[in-house]
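Join the two chains, each given in its own frame, into one complex according to the hints.
These protein sequences, in sequence, are chains F and D. If you're matching positions, the first sequence starts at 1 in my numbering and goes up one per residue. If you're matching positions, the second sequence starts at 1001 in my numbering and goes up one per residue.
FYI, nobody ran anything at the bench for these hints, they're computed from the structure. These numbers come from a predicted model, not from an experiment. For each residue, glycine too, the CB sits at the ideal point set by N, CA and C. Careful, some of the hints might be misleading.
[What the hints assert, rightly or not] Cβ pair distances, simulated, as ranges:
#, chain 1, residue 1, chain 2, residue 2, range
1, F, ARG5, D, PHE1247, 40 to 48 Å
2, F, ARG53, D, ALA1636, 34 to 42 Å
3, D, VAL1528, F, ARG53, 42 to 50 Å
4, F, ALA23, D, PRO1187, 41 to 49 Å
5, F, ALA23, D, ASP1175, 44 to 52 Å
6, D, HIS1468, F, ARG53, 42 to 50 Å
7, D, ILE1225, F, ARG5, 29 to 37 Å
8, D, VAL1228, F, ALA70, 23 to 31 Å
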Amino acid sequence: MAGTRSLVELPAGARAMVVGTTADVEPHVARRLVDLGLVPGTPVTVVRRAPLRDPTLYRFADTSMCLRAAQARHVLVTAELPGELPGETTGELPGELPGELPGETTGETTVQEAAGLALGVR
Amino acid sequence: MSSHCSPEPAGTAVDHARPLVALVGAPNAGKSTIFNALTGLRVKTGNYPGVTVGRAQGTCALPDGTAVEVEDLPGTYSLEPISIDERIVVDFLHGRLDGVGEPDAVVVVADATTLRGSLRLLAGVLTLGRPTALVLTMHDELVARGGYVDLNRLTRALGVPLVVADGRKRSGAADLVDLLADRPSWPAPVVAPPTEPEECTAWIASVLAASAYRSAHESPVTARIDRVLLHPVLGVAVFFAVMFGFFQTIFALAAPAQDAIGTGMETLATTVRDTFGDSAPVRLVSDGLLGGVGGVLVFVPQIALLFVLIAALEQVGYLSRAAFLMDRVMAMAGLEGRAFVALLSSFACAIPGIMATRTMPSARERLATMLSVPLVTCSARLPVYTLLISMLIPADAAWGGVSARGTTMFGLYVLGAVSMMVAARVATLLGGGRHVLMPFTMEMPPYRMPALRSVVVAVWLPVKGFLHKMGTVIVVSTIVLWALLNLPVQSAAELRADGVDPDDGTAVAAYTMEHSVAAGIGRAAAPVFDPLGFDWRTNVAVISSLAARETFVATMGQITAAGNPDDPARAMRDTTFDEGPRAGEKVFTSATLAALLVFFVYALQCMATIATLRRETGGWRWPLTVFGAYFAVAWAMAFLAHTVVGALA
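Okay, chain D solo, but in the shape it has when bound (with noise of 0.2 Å):
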């Protein structure tokens, strides 16, 4: 526990033998700012052994050529924990977290402009006896906006050391810096503050007058732009307004640079075949290997560009106001306004979703955030939902004057975001029991300007954490799909057997996909989804779409059309059973789409998002539970769809 103690150890040792020093800082006090500050891109992140509270830990170098692992601990408003989040942070503190270490000192992060409410943390934190320093940011602020704090005698005041660091501007990191190598000088404090409330409010009180701190005004510019974007009308208007630019700069940007991405793996696939020749081991290399690493490069523009506006929106304050519009329609899920970014990132794509819940400060709520966003409409169930709302519904079909297709296909969008809600309300209802109801506490920090550096930290761990941890897992399942879908290998002489000229690669494809291990699989899966109106090709399709979901419409393609892939949905129309006891008669009736559409809604087909799920809850059981869970509800939906829709034709 305490292998931290030796007071310096050598540059070149292992992590836990460095000194450690926890970042403690109320929400919104530059806390992940000052952090950035220290460690630049030396960060891990991961989540806390056995909760799903978010972790953050780097390096940071000193001049002496030693350096120091800084732990940015979750924000917390006082050191009497309440949450899951909370509690770390004290049992972090005090060195009784297993496995992480006991820090060697503190630093408490303060926002100058918000001074008195820093000071109840840190009266806390010097209650511990470590080793503790002040660093105080928006002190530029602070005095812009006609406050004081004389630094000297705050310093005095308080007995420990104070540096005073706006992490948006570079000089202050070598202060911070600085301070840190000085660590061995910082006093443990002699007289540790009052914690009782009265007391406490006292020592702060006389804290304050003894630094003659002067609060400083509420930012005028600030208060004027709130009184539009909190409007209950023009606010609502420009939070659609916002949102819709959110989505068009997402497709508009990420879409072209997707679509590269896709051509230049395809252009590799193709040069590989006519480099190596058209044989087993090189499909397996040009189809299964570069299309499995082409499937997870194509996540990452959209990724990045989530996260480019998510940081910049949350830096310049906006995402604060976002979630006070939108706190009360989310408190019908049973979360809070913060969980919206992660909805709002989910339309995209589950993933960056996902990772978008590291901001929510209830473990409870993120953990139910975190299982409900996969129902959310993602990008990749588009395609999907395109191919079988043009084969369910013509295209000149009106209701009301208004497309059918538009309507169904917002019709989905809406049923994915109601279904989210309810899977949300009934996470926080199962996990409800355990914990107690946090309240709903949310800081309206000023408009400030994003700070680039910040920016990039925020895009590129997410994108480096899912290029890490997520390709190895997406690959290796595209390349068994692959196997299973292309494997055994057909010999000429089996082919011309069966009637399969050789040399026609289509033919071949499709016979090989029908005689796969994939194709054994859909036809043992008859069972389970006969009552959907599925035949095994469906089955298979369905099956390759565990992949990404866009696989469906390719799979689907290969499998139906001998002679055209690319117009799966005619090949799908003149689809027939060919064996069982429905043999000639169409697979693709109303009921059967309408099965199909349903069952994107709610199944969990996607290795990226469970693989995230893994990564983010910290071990399978949450993955595999809604797996399971979501493929339950989206059978018995898609059955229910098959019924209502087969009795109405």
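Bound-form chain F, shown alone (with noise of 0.2 Å):
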């Protein structure tokens, strides 16, 4: 990988890999970007940018997100990445249970249930 960045400098539509923080960040917001799950290792897209140029939307650990550029700036980043990245959005280790994989144990019945019940809202 090439050089790591600022998450704030990416463009809108970007994707970047999460390698850690700034050293000049403050304990509280360095702790608040890890609860939120900037964590190394997490990919994050760009969304898009406010009218005003902040605060920016972003997209990680399921969870889409505003973050002001205050804060962006000390989450660093992989240089852009194109396409899909691994774990984005089929989890951390897709598939690596074999044999326990969904429908074959009592999952089945709450797969059902849940798709009856999904039914009735989208």
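Set out below in structure tokens:
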């Protein structure tokens, strides 16, 4: 991978992987970034910027989250990566449990129930 | 502290003897929906002792006839507190919060579509060693968007009982109640998960893998709608259209209801007078008491409607979008995007605006917002502005082809909004030294259909709170003001001696007011208001507007016009100083009118707002501080306006 840069430098639409935080980040901000799921290895997509350039909407850890530049600049990411990133939509360890796939155990009824429920919503 | 630990107290026991269950969850996890499903309308709201952190507690009846108290804790991402609100959550869970008690069990509410994030919070809760259960919301949405989780394996991996509940459906509520009833069987976890960030991340990954978790796709509908609603041009256009529709709805729907209440109360007052005769004690009831009750009721349609719209917009997901668009603007005031909901509500009335700050996650910004929104031009200022502007500016005056009256009115709205921003800035700067600066984070939930039940709860609680607590304060203050303006009672002999016909009701009213306690106060206040060009009658009207600003118009009418109280503008135009060195001069010069207008922009003349501030800040300190501060600013700005306009005229 090429050199790291700050999340705030990425253009809208870019994807990258979190590698860490800057050295000058205040401890409580660093803690909050971790709480939100911005841990090393997490893929981040820059969704869009607000009309006045700040804040920016990001997508990571299955959530859409707005961050101001003041916080986003503390997040270090890999250089921009194109295409689908591993773990982005399929969980961190997809299909690593042979013989325990969905539908084979008691999970089956749950899925059917849930699917039935889902029909009512969407 | 640990009086809650008796295993099964009697159902008839007092509140604090019931078991206490804490609801914990990330913002947007659906915690409040679960809370509503469990407790319905049996909810108390208020603040935690000594802080401006909103608190909601309710009772949940169990099938066996007992009941548990449920505490809806503020939303939090972790148990490493960095804000006052999160500190409250942590202290509450540890049982360290004075006078609040200790939770007997903890329910973690987690959104299935963002389970990864919620597991970090759950890990923190499990280390507390209290009996814990997990409620998974939005499971249907996870599946609908192509995600998956094996619930049996998840509950095994976590070691805590789990219930899937979408609070939007009533069927889920029964499962939730059963979960609470089964509380004695919740295990306190044997092995607590690690809390160090790296190890916790690894633990989360292992739990997700063990339960075959597959993330949901990003909602394609939401992505498509956001392309329009968050667009730099289209999104802003839609935003202003929504705001426009918001006010149109409030004024089109609430105004007739408010008029009906006003007319109804007047009819009632007239009936009372006709039935029992026109004596002072009767007028205390008909004008004072009924007037006071009417003054309270008249706010209700607007407040209810505001909360219907805010609750619907919030649950659909639009408020987060609006906050995203407005964040940069609110940042100029030291606030964040979410404060704009309070700002918006305050254009109708500061009371729902102050109550709307309950959704703000940071206590510091919540306080700054609450203290500054009374400067926003509320609908009660409108009749006052209309009257004063009509006197100040001729109807046909135009500036560059635009109506000068309309422009002045717009200018007053802008002045109110800008002043609010400045006040909020000052409040955050003054309060800033004692708190760390909170990073701004706001989740953008997918668009969802609002749940009627949650909307009803979101409307009922503030309306109930308003009627309950504010009712007494407003009614008492209205009666006191009525007494000040109408006492002492003038006997027929006294009236005749001063050449007033005791049968001429309007003349008697004017005479009584002129010799009332309030008039005495108005004259005593002359040194304060003389520099602004007010006479004693203006002082009385300003004092009477303390109950509610629009009272200014009626009082001005009563006090200046013996003949025609319905056209205060004409009577005021002809009013001259009747005493003192300026006797014979017109009172309402351009300079005085400008001073009055500016005074009404800043002064906190609203008992209802003061009562609400007392309730929401938990004491008299802040309401009295801002009352004094805004009075000083109002006086200074009015003096400035008087001087500048006087020099120009």
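How the hints compare with the structure:
no. : hint                            : verdict
1   : F:ARG5 x D:PHE1247: 40 to 48 Å  : holds, 44 Å
2   : F:ARG53 x D:ALA1636: 34 to 42 Å : holds, 37 Å
3   : D:VAL1528 x F:ARG53: 42 to 50 Å : holds, 47 Å
4   : F:ALA23 x D:PRO1187: 41 to 49 Å : holds, 42 Å
5   : F:ALA23 x D:ASP1175: 44 to 52 Å : holds, 48 Å
6   : D:HIS1468 x F:ARG53: 42 to 50 Å : holds, 45 Å
7   : D:ILE1225 x F:ARG5: 29 to 37 Å  : holds, 31 Å
8   : D:VAL1228 x F:ALA70: 23 to 31 Å : holds, 28 Å
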